[in-house]
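K.L.:
Sequence:
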Amino acid sequence: MGIIQPTPQPFLYTINNDLPSPEALRYVSRLLLGIEDTLDEYNCANAGEPGIGLLVNTVHNVQMTRALNQLLLNRE
Numbered sequence: 047m048g049i050i051q052p053t054p055q056p057f058l059y060t061i062n063n064d065l066p067s068p069e070a071l072r073y074v075s076r077l078l079l080g081i082e083d084t085l086d087e088y089n090c091a092n093a094g095e096p097g098i099g100l101l102v103n104t105v106h107n108v109q110m111t112r113a114l115n116q117l118l119l120n121r122e
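The sequence shown begins at 47 in the working numbering and counts up one residue at a time.
For the record, the hints were derived by calculation from the structure and aren't laboratory data. Where is the CB? At the ideal position from N, CA and C, for every residue including glycine. Check each hint, because a few of them may be wrong.
[Unchecked claim] Pairwise CB distance ranges, derived in the manner of DEER restraints:
hint	residue 1	residue 2	range
1	R72	H106	21 to 29 Å
2	N63	V102	34 to 42 Å
3	N89	N63	35 to 43 Å
4	A113	A91	22 to 30 Å
5	A93	L65	34 to 42 Å
6	N62	G94	41 to 49 Å
7	T60	G80	13 to 21 Å
Work the whole structure out from these sequences, hints included.
P.N.:
What follows is the structure in structure tokens.
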């Protein structure tokens, strides 16, 4: 059985309650990396546009969250 299971609306997916914490943290890391990559691509394509500074700050927050997540993974 996978990590994520389809469910009826309003939620498209649910997370299995028996998912081990280290596996969940690894999944969080992959999700955050996807967010970071998407924001980086958007920021590069729209450099100089109004509001990009907010997205650059968001990238920083995602990077910090990934670092904290990695700290937790390293404790396992």
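K.L.:
Each hint should be assessed against the structure and marked as holding or not.
P.N.:
Comparing the hints with the structure gives:
1. R72 <-> H106: 21 to 29 Å: holds, 22 Å
2. N63 <-> V102: 34 to 42 Å: Taking Cβ atoms as reference, N63 and V102 lie about 37 Å apart, which means the hint holds.
3. N89 <-> N63: 35 to 43 Å: holds, 37 Å
4. A113 <-> A91: 22 to 30 Å: At 26 Å between Cβs, range holds.
5. A93 <-> L65: 34 to 42 Å: holds, 39 Å
6. N62 <-> G94: 41 to 49 Å: holds, 44 Å
7. T60 <-> G80: 13 to 21 Å: Since T60 and G80 have Cβ atoms about 20 Å apart, the given range 13 to 21 Å holds.
Hint compliance for this structure: every hint is met.
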